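These protein sequence lines map, in sequence, to chains G and V.
For the first sequence, the numbering used here gives the first residue as 1222, with consecutive numbering after it.
For the second sequence, the numbering used here gives the first residue as 5, with consecutive numbering after it.
If you're looking for bench data, these hints aren't it; they were derived computationally from the structure.
Wrong hints could be hidden among the right ones.
Unchecked claim - Below, computed lysine-lysine pairings styled on DSS-like, alpha-carbon distance capped at 30 Å:
| # | chain 1 | residue 1 | chain 2 | residue 2 |
| --- | --- | --- | --- | --- |
| 1 | V | K337 | G | K1440 |
| 2 | G | K1758 | G | K1713 |
| 3 | V | K343 | G | K1440 |
Unchecked claim - Just a few of them, taken from the derived set where beta-carbon distance is under 7 Å, the chain G residues facing chain V:
| # | residue |
| --- | --- |
| 4 | R1410 |
| 5 | W1411 |
| 6 | A1412 |
| 7 | S1436 |
| 8 | L1437 |
| 9 | T1521 |
| 10 | A1522 |
| 11 | V1524 |
This structure is a prediction, so every number in the text was calculated from the model and none was measured.
Beta carbons are placed, not taken as given, at the ideal position from N, Cα and C, and that holds for glycine.
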Amino acid sequence: MSDRTAAPATDSKRPLAVDTSSSWERTRKLTPVPGSPRIPRAAPIAPALRPRLRTRLVIAMLFAALVPVLIVAVLATSVILSSLESGLREDADRQLTVGLNLVLRSVERLGDECNQVSASAILADAMSGGAAELDAWLADAQVHVPSARLQLFDAQGQAVYDRTLGGATARFTDVDVKPTDPLVAAGRRWARGVSLERVGDRVVMRAVSPVIDSSLALKGVIVLSTPLDGDFADGIKGALAADVMIGGLSGDMYTTFRSSVGRRSELMQLAPGERDAILKQGRRIRDLDLPSGRYKVAATAIVDSTEEPIGIIGVAVDREPLAATKRLALRSLIAGGGLALLFALVLALLWSRRLGAPIAELHRGASAVSRGDLDHRIEMTGDDELTDLATAFNQMTSTLKDNQARLAARMREIVALHDAGRAVSSVIDLDSVSRKIVDAVARTFDVQLVALWLVEGGAQPGLRASAARAKRPGVSSALATDEALASVSALKEVAEKVKASRQTIRLERASDDPTHGEAMRAAGTLGPFVALPLDRKARVVGVLVVARSEDAREFSEADLNLLTTFADQAGAAVENAVLYQEVRGASEELERKVRLRTAELTAINSELGRAFADLRDTQAQLVLSERMAGLGLLVAGVAHEINSPSAAIRGSIDGLAPALTRVTRHGSELAERASTAQRASITSYLEATAPSLAERPLATGIAARKLAREVSAVLEKAGIADAQLLSADLADLGMTPADAGTLVAALGTDHALAHAVVAALTDHVYLHRTASTVRHAVGQIQRIVGALKSYSHLDQQATRVEADLHEGLETTLVLMHHALRDIVVERHYGELPLVPVYVDELNQVWTNLISNAQQALGGKGTIAIETGAEASYVFVRVIDDGPGVPAEALSQIFEPFFTTKPKGEGTGLGLGIAKRIVDKHGGKLRCDSRPGRTVFEVRLPTTLEAAA
Amino acid sequence: MRRVVVAAIAMLAACDAATTTRGLRRDPGALVVAKPSDVQGLDPAIITDAESIEVGGLLYEGLARWKPGTTDVEPGLAASWSTSPDGKQWTFELRPGIVFHDGSPLDATAVVYSFERLLDPKHPHYLGERGVFWRSLFKEITKVTALTPLRVQIEMGRPFAPLLGNLALYPIVSPAAVETWGEELRTHPVGTGPYELEAWSPGESVVVRRFQRYWGTPPLLERIVFRVVVDARQRLVDLESGAVDIATAILPDEQSFVELHPDLDLHHVPGNDVSYLAFNTQKPPFDHPAVRRAMARGINKEPIVQLAFQARALPANGALPPSQWAYHEPKAKLGYDVKRARDELAKLAVAGTWDPSVRYKLYASSTPRPYSPQPERVARFLQEALSQIGVQTDLVLQPHPVHRKSLQQGEHDLALFGWIGDTGDPDSILYVLLHSANAVLGSATNIAFYRDPGVDKLLVDAQQSTDQSTRTGLYAAVQERVAEDMPWVPIAHSELVVATRHELQGVVLSPFGQPGYARIRRGPAR
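So that you can see chain G by itself, here it is in the shape it has in the complex:
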């Protein structure tokens, strides 16, 4: 539930809040206005309220009654009026159509009559007879002839006769047709027809017919003319039941309007604008008010056969019925409206009084309540909702009053308990807490006895009566605690039960209770009784017993709630106190143990110090011995290295003496056998050839035999005896066929010397070779010695020197040459700057890494040494293609005494020492291993700053 909706709910509860979970703070705020209802203090009720409410009621009812009536009335009236109006318009329009039709039918009739008259054979005869005969004909035929002007013309178009028919000559004075008129001409062409023409300001209708005899011969033309004037209009009016206006283009209209005495109105003048509009636009309908009446007039133009307007005809429909209807409607509307208003007013007044009085009574009641007068009663008779409301109001007032009283009492208890709770919480000593609890309950509730048991003991917790307070009948103050404690021992059983069940026991009359009655009586608590557990989360920390005297009122639900709340607080306080006690005990124990342990640790510490010193010594020894072991290894190698050249030198020296003897002998032999020239040639040959042959590798096996055969071929060719024998020796010396050629050249023709020369050559070559061997061996020894010297660097032991790492590596390789004799060493050296190092210590690193690789290879395999420089460091990698370091051992290889070798074969310190030395240089030693490729990489900073 959100705060917004929660707040009013709480508010509404607030006056009656006995809710034990509500905060004390809020409850306290209420205490200053105990029993105050939440009705705002209204301003004094104005006496004007009654009439005002009534006025509103009256107005509302008037509106409710009148507005719909008025709307309907106005709507209905306007609908009726507008439909009347439009009906009138349509009527006028229709009447005009009919009027026009009547005019045109009149024209048509005139034409018919004209045709009938013309068709008379008598007329045709009379035409030739002259006026007298025509008069006779007319007298005879007049019954058929309408009121019109009759003109006769002969075949040549001359007027022969002119009469006005039907009297009223004045009407027809100017309507006659001239002989030159096109109408007469048309008649002379046998044409029959009618026309409407304008004569002056009058519209005249004419009919023309040819007068023919039986042989179709044209005898003349007859023309009938009648003006469309007032009389004509009267005729139309008779058929139309509406007034008619008819006139020419000027707007002067003949009308049928009559004055009150029955006289025809004078000519009526049409407004020029109106006239033009009719002539131009055709049919128009508008209102016209005249002294004789009010009309709706529809008018349109009269046209001739060329559609040219020649006059105007209008019909006027009396508007009076419409106007009368309007007046009647208005009168009815006003009268009806007034009546409705009156009726509504009376009704509204009656009803407002009827409704207003009880409401005012209710209002007075509400005002009384708001003033705080809860004794006010509303007296109302009747059987409607307002009476129900009054009854409900009275009930509400009395309930409110009761609640107010109860609330005040409860509030006092709550405040007291709250204070007690604070008092209890403020102490932490268990006994003080107990006493405070008991005191608070005793003070707050009207009780005979209060007792508190606390749960104590570790494994087997039991109840201990901690505090009690009791009242003896007739004694006003509570008894001393000790005495009370004694008296409650009888209730322990009940307390145990509560503790075990964690349920509150509530008895209305303790003495009558079947279960606990005996104990109660023993304790002297005969009245209402409550025992509740002080429940703290998982366990019961105590039991609170409260009893009232026999005649006291029993504990209400509210009392119980209050007690439960208090018991919660008391439980918390008790638990706090218990915990405080426990913590204090535990802390003392801890202090004691710490002191003991500190002493033990001090002793151990000094022992450790000693052991550590021993360890340090041992380590130094171990390092030394490792160094010595490494040195030993070196020395063994060096000894061997030196031994081999020494043996070679000795072997060479052993052969020197006999060789020198033989050379001397060969020299003398040659001197004997050869001539001086030959000697010189041979000597120079020997001097030139021997050193070069000595440098050549000795041919062996198949290659030697092949060489021998080729050399033999050369010698045989030169005619040297025993060429085959010689050639084997020569081939042994490494002589080629080309060399043999040179030899043959040097011998010249005396081939007998060949053997001697070859023997001398052999010995020369041997001597040269021996010298070379000795030189080589001595160089090797010198090199080893130099390496040893450089390895130890005895003179630069304690300082860093800018050194070339390749030099140290090479030195180490030289010294380890013997150990690496079956191992291929590949060098992949990059460009290295000089690096500041402790040279001899670093040499030990190389030694250890190479020797480690050699041992890992088991004496056979390849060791690659890579070097290179990066931005801030140089690296040296020693890579072997041995089986590799097992993955599980990889993390341990730099630890001291770690070795994979059988016991006694290695110290296990080599790599550890190497790492320590590299660390000392500020570098890094890392190992990456897999079968077939194990890399040890040394990284050394190139500068001292980087090393630091």
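Mind docking chain V on chain G? Use the hints.
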């Protein structure tokens, strides 16, 4: 609440305003036409009554059409055409994108279908006897072929120029509709015209509405209602009250009423017809042109036109009305001259060619015809006029079918007769009435039995020439020759009359008296 009341009042006021506007609450987009009789059917190939033709003319179109108010041919569904040098093959190029009212396209196949339906007895929807009128117009056609989807070729047995005028009349129907409706096409017309049928309540009205996909200029009015109002007087009353916009067949006596009425207009147009007094040129003395000419002089057409036709006709100079494109005023015009007529006849009597004592039989129809509303009156006028010049006649009045039969049998000496051109082409009057091929006893339309090889040749030549000016010349020669020979005395060309409300604008009558509905619109009321 207040607003609702105001709205309600406003609505009432609006209703009120609507009721006051002349009381004619009709759809202003609809034109209402009062006709004396209902349409008989709207399958164009079989209709012959004027009402059906008039409505059909809005629903259907031909390959060609007439210019409004004339009988001049202009392109219709075909945008253009050409003829082969021998004049026997006509090729028509159809306009693309034209659809029938049912949405199917107009193409060469549809055109061919419309012709085969008429001409090919093997066609599943062959019209048979019902198509006899159209077949008579198209008897020269031997074959109609669709060359491409938009090109049609019509092959003729001989060159025949009037074909175009006939095509202007002949409607092209939707083959799909014919297949669907068959005989019932008469109640479900489907053409390409500017209007399509909306509703037909037999005996009451036919309603056509604007065809939205019409290819040409759309008609101005949305809807045309042809209402059957049998009584002539009632038609006029309806027109006067505004209930209808157009009324046809106005009584002659009432035409002056319409003319003088400010709200009504009377439209008239010369009809494509002729009334005439025919001599039986096979019978003496009428085989003698001099006799015929003398008699012609004795007849005054003016009183006949004025009195018997009530001025709704023109005195005729020849066979063709002046509105015809081929009209030619003959130089040898015989004026009305009783004295000269008498003199000439007297001379002829002396010469023995003429016997004044013989009484001749003058045949006339007792039934009014469109071209002659009072034939008996005309006949009596003529009888009187002839007697004035000494020619005595006995009047033989017969109902029209009998009258016609008698004339075809050649029973008459003199006969009052008339003809309406079937098509706009002069051929439909001149050839029919003057060619010797039509002067066959029993089925003659040339009831003067006039046989002149020169005229025959001119008429056939005019049929075969496709050049308009050539044809005009040939027909002028015919008219000149006939005026001289005077096989019959032309009396009058009737005028067709239609009454309309004055507010209608753009009313133009065709030579057949039909308003050009598509161009009519409603102006402001007078």
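Tell me if V1524 (chain G) is really an interface residue toward chain V, meaning its C-beta lies closer than 7 Å to one of theirs.
holds (5 Å)
Does the closest beta carbon of chain V sit nearer than 7 Å to the beta carbon of A1522 (chain G)?
holds (5 Å)
Min Cβ distance, L1437 (chain G) to chain V: is it shorter than 7 Å?
Hint on L1437 (chain G): holds, closest Cβ of chain V at ~5 Å, below 7 Å.
Hey, does the W1411 (chain G) contact hint survive, CB to chain V under 7 Å?
OK, holds: W1411 (chain G) within 7 Å of chain V, min 4 Å.
Within a Cα-Cα threshold of 30 Å, do K1758 (chain G) and K1713 (chain G) meet the stated pairing?
Holds - the C-alpha atoms of K1713 (chain G) and K1758 (chain G) are around 23 Å apart, at most 30 Å.
Decide if the proposed pair is consistent with the structure: K337 (chain V) and K1440 (chain G), CA atoms, cutoff 30 Å inclusive.
holds (27 Å)
Evaluation of the interface hint that places T1521 (chain G) against chain V, nearest CB under 7 Å
OK, holds: T1521 (chain G) within 7 Å of chain V, min 6 Å.
How about R1410 (chain G): closest beta carbon in chain V under 7 Å, or not?
holds (6 Å)
Please work out if K343 (chain V) and K1440 (chain G) have their alpha carbons no farther apart than 30 Å.
Holds. K343 (chain V) to K1440 (chain G) sits at ~18 Å (cutoff 30 Å).
Supplied contact hint for S1436 (chain G), tested at 7 Å Cβ to chain V:
S1436 (chain G) check passes; min Cβ-Cβ to chain V is 6 Å, inside 7 Å.
Should the interface hint for A1412 (chain G) be scored as holding, given a Cβ-Cβ cut-off of 7 Å against chain V?
Holds. Min distance 5 Å.
When the structure is compared with the earlier hints, no violation turns up for any of them.
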